[in-house]
Amino acid sequence: MKKIQEGRLRFYGHGIPYFEDTEVRGKLVVIEGPDASGRSTQIGMLTSSLEAAGHAVLNTGLKRSELISEGILEAKRNFAIGRKTLSLFYAADFADQLENKIIPALRAGYIVLADRYIYTLMARSTVRGISRKWSHSLFGFAIVPDLVFYLDVDPNELVHRVFQKNTFLDYFESGADMGLSDDMFESFLIYQARIGREFHRMQKRYNLTIIDGNRPIQEINADLQKRIDDYLASSTQKPRPDTN
Amino acid sequence: MRYPVKGKLIIVEGVDGSGKSTQIHLLEKWLRYIGMPVFFTEWNSSETVKEITSKGKKKGLLTPITFSLLHATDFTDRYERHILPLLRAGYIVLADRYVYTAFARDVVRGCNPYWVRHLYDFAVKPDLAFYFKVPVDVAFERITKNRPKLKYYEAGMDLNLSNDPYESYRIFQGRIVEQYESMIKPEKFVVIDGTADIEQQQEMVRQKVLAMIPAKLKEAWV
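Going down the list, the sequences are from chains D and R.
The opening residue of the first sequence carries number 1 in our numbering; numbering runs sequentially from there.
The opening residue of the second sequence carries number 1001 in our numbering; numbering runs sequentially from there.
Think of the hints as simulated: they come from the structure by calculation, not from any bench.
All residues carry an ideal CB built from backbone N, CA and C; glycine is no exception.
Watch out, some of these pointers could steer you wrong.
What the hints assert, rightly or not - Rough simulated footprint, nothing fancy, chain R against chain D, three-plus residues with beta-carbon under 8 Å:
(1) 11-25
(2) 71-77
(3) 173-182
Said to hold, decoys possible - Computed cross-link-like contacts, DSSO-like style, restricted to lysine-lysine with a CA-CA straight-line distance of at most 27 Å:
(4) R:Lys1050 with D:Lys63
(5) D:Lys76 with R:Lys1058
(6) R:Lys1008 with D:Lys63
(7) D:Lys133 with R:Lys1125
(8) R:Lys1125 with R:Lys1008
(9) R:Lys1185 with R:Lys1125
(10) D:Lys101 with R:Lys1055
(11) R:Lys1151 with R:Lys1050
(12) R:Lys1008 with D:Lys76
(13) R:Lys1058 with D:Lys101
(14) D:Lys101 with R:Lys1050
(15) D:Lys76 with R:Lys1050
(16) D:Lys101 with R:Lys1057
(17) D:Lys63 with R:Lys1055
(18) D:Lys76 with R:Lys1057
(19) R:Lys1057 with R:Lys1151
(20) R:Lys1008 with R:Lys1133
(21) D:Lys63 with R:Lys1059
(22) D:Lys76 with R:Lys1055
(23) R:Lys1145 with R:Lys1057
(24) D:Lys101 with R:Lys1059
(25) R:Lys1058 with D:Lys63
Bound conformation, chain D alone:
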C-alpha cells in the first residue's frame, strides 16, 4: 500500500498555538447532516471498507467527550440556559475531542471519520440569532478537514425517516425552543429547512461537498466511497490541496 503523505495541521482561524507546525499523516473526513439523514449508517459502512483496505480508522462525534457531554445534557434540561452559553458548552465538548482524540489520531496516521463537526454547531447557533462572525471566530481553533460531506435530505422526506427511527420528534432537532410554530410537526419542517439553508450558505466558505441524501443508502455509499478513494489516491502523490 502506498504511504499517505504528511501534511501540516491547518486551522480555520487563530488556531491552537501549541499545535502549530504539528505534522500529521492521517486524514479527517467529516459527515454532516441532520438526525436520521443516514450519517451513522454511512460512517459504519465507510469504516468497514476503509479498514478492509488496510487503513486505521477512528470514529468521533459531537457530545461524546467524557468531560463535558454530561454537562450539556444537564444544561439542556435546564430551559433557562442561554443560547451563547449552550454554544460555548458545545464548543468546549468539541475542543476536548479535537485535542484528545482527533489530533492524536491524525498524528498517528488514522483516517478519522467525524459524525458531525463544527458546521452543525454553527448552523444551530446562526438560526438562533448568534452572529456568523462570532461563531466563525469561536471555532478558529478547529482544524480544516480534508473532506466534508453534507447529507442533504428534504425535510419532508426526513420527517418520515425520523418517525421510522424514533416515533417522535426531538425537541431541539425540531427547533421547539425557538417558537417557530405551536405545532411540533410544522416546527420541525421549518427548522430543518432553515438549518439546510444555512449549510448551503456555508458550502463555499468551508468547502462542503453537498451529497443528495434522498437517494437509497447503497447509492449514497458508493458516491461517498468513490470521493474518499479518489482523495486518498490523489494525496498519496501530492500534498493536500488548499481549501481556504
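Please arrange chain R on chain D, whose structure you already have, making use of the hints.
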C-alpha cells in the same frame, strides 16, 4: 445585539492575594447600606458549569482551550442570565473578575490573544474597572501563608514551569501580572495600590464610584 443599558458595571481585577475581593465586598456592603440596587457576581460560579469545570480540574483533564472555553461558558451563563438583564434593569452590577481575567490567564496558558478577545466580544465594557496592583511577592506571601497546598491549575502546573508547585505559582502569577500591566492603558483600568491600608483603598474606590453614579440614579435610590 446591543441593548441600552441603564445600570452601571463595576469590576475588579488583580492576581490572587491582591485584595480585590475584600474591596469589592466592602463596596457592595456600602452600596446596599445606602440603598442602591446591587447585584454581585464572581468568576467561575455558574451553577450549571462550575461542577464540570471542577471535575475537569480535579482529574487534570483540561487543555488550555477547554479550560478557556469552560470559563467562557461559565461567564456567558452568568452574563446572559444575570449581568446583562440586571444592567438593563438599572442595577449596579459588581463583578469579582471579568473578561480581563480570561485575557490574562488564557493567554499565559498558550491561547491566541485575538481568539480569546473575540470569544468575549459581546460583553459590555465596564463603567469602572479597578486593577489592584501588588508586587508578585506580596500576593504570593498572602496566598501561601495559610495554604498548605496549592491546587494544580491554580499553581499553573499544567504549564510545566516547575515541578515545585510554589515555584510554578510564583512564575505563573508573574506572567499574569505582565498581562494585566499591558492592559492598564488600553482598557482604562483604575489602578489601586493593593499594598495600602484596606481603609485607604476603600476610600479611593468609593470616591471613584460616587463620581460615576448618575445623579438621577442617586436621587431615585438614596
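Check your understanding: Within a Cα-Cα threshold of 27 Å, do Lys101 of chain D and Lys1057 of chain R meet the stated pairing?
Key -> holds, 19 Å
Review point. Within a Cα-Cα threshold of 27 Å, do Lys1151 of chain R and Lys1050 of chain R meet the stated pairing?
Key: Roughly 16 Å between the alpha carbons, so the hint for Lys1151 of chain R and Lys1050 of chain R holds.
Exercise for review: Starting from Lys1008 of chain R, check that the Cα of Lys1133 of chain R is at most 27 Å away, please.
Suggested key: holds, 23 Å
**Study point:** Given pair status - Lys1057 of chain R, Lys76 of chain D, alpha carbons within 27 Å
**Key:** holds, 23 Å
Practice item. Please work out if Lys1050 of chain R and Lys63 of chain D have their alpha carbons no farther apart than 27 Å. Key: Between Lys1050 of chain R and Lys63 of chain D the Cα gap is close to 18 Å, so the pair holds against 27 Å.
Check your understanding: Given the hint that Lys1008 of chain R pairs with Lys76 of chain D, does the C-alpha gap stay at or below 27 Å?
Key -> violated, 31 Å
**Study point:** Stated coverage of the region 173-182 of chain D by chain R [criterion: 3+ residues, CB within 8 Å]
**Key:** violated (count 0)
Exercise for review: For the pair supplied as a hint, Lys76 of chain D and Lys1058 of chain R, confirm whether the alpha-carbon distance does not exceed 27 Å.
Suggested key: It holds: about 24 Å lies between the C-alpha atoms, which stays within 27 Å.
Point to revise | Restraint check for Lys1125 of chain R with Lys1008 of chain R, where alpha carbons must lie at most 27 Å apart | key: holds, 10 Å
**Study point:** Hint consistency between Lys101 of chain D and Lys1055 of chain R [alpha-carbon to alpha-carbon, up to 27 Å]
**Key:** The given pair, whose Cα atoms are some 19 Å apart, holds under the 27 Å limit.
Exercise for review: Compare the distance between the alpha carbons of Lys101 of chain D and Lys1050 of chain R with 27 Å, and conclude whether the hinted pair is satisfied.
Suggested key: holds, 24 Å
Review point. Within 27 Å, alpha carbon to alpha carbon, are Lys1185 of chain R and Lys1125 of chain R?
Key: Holds, at about 14 Å.
In terms of the numbered hints stated before, the structure departs from hints 3, 6 and 12, listed from lowest to highest.
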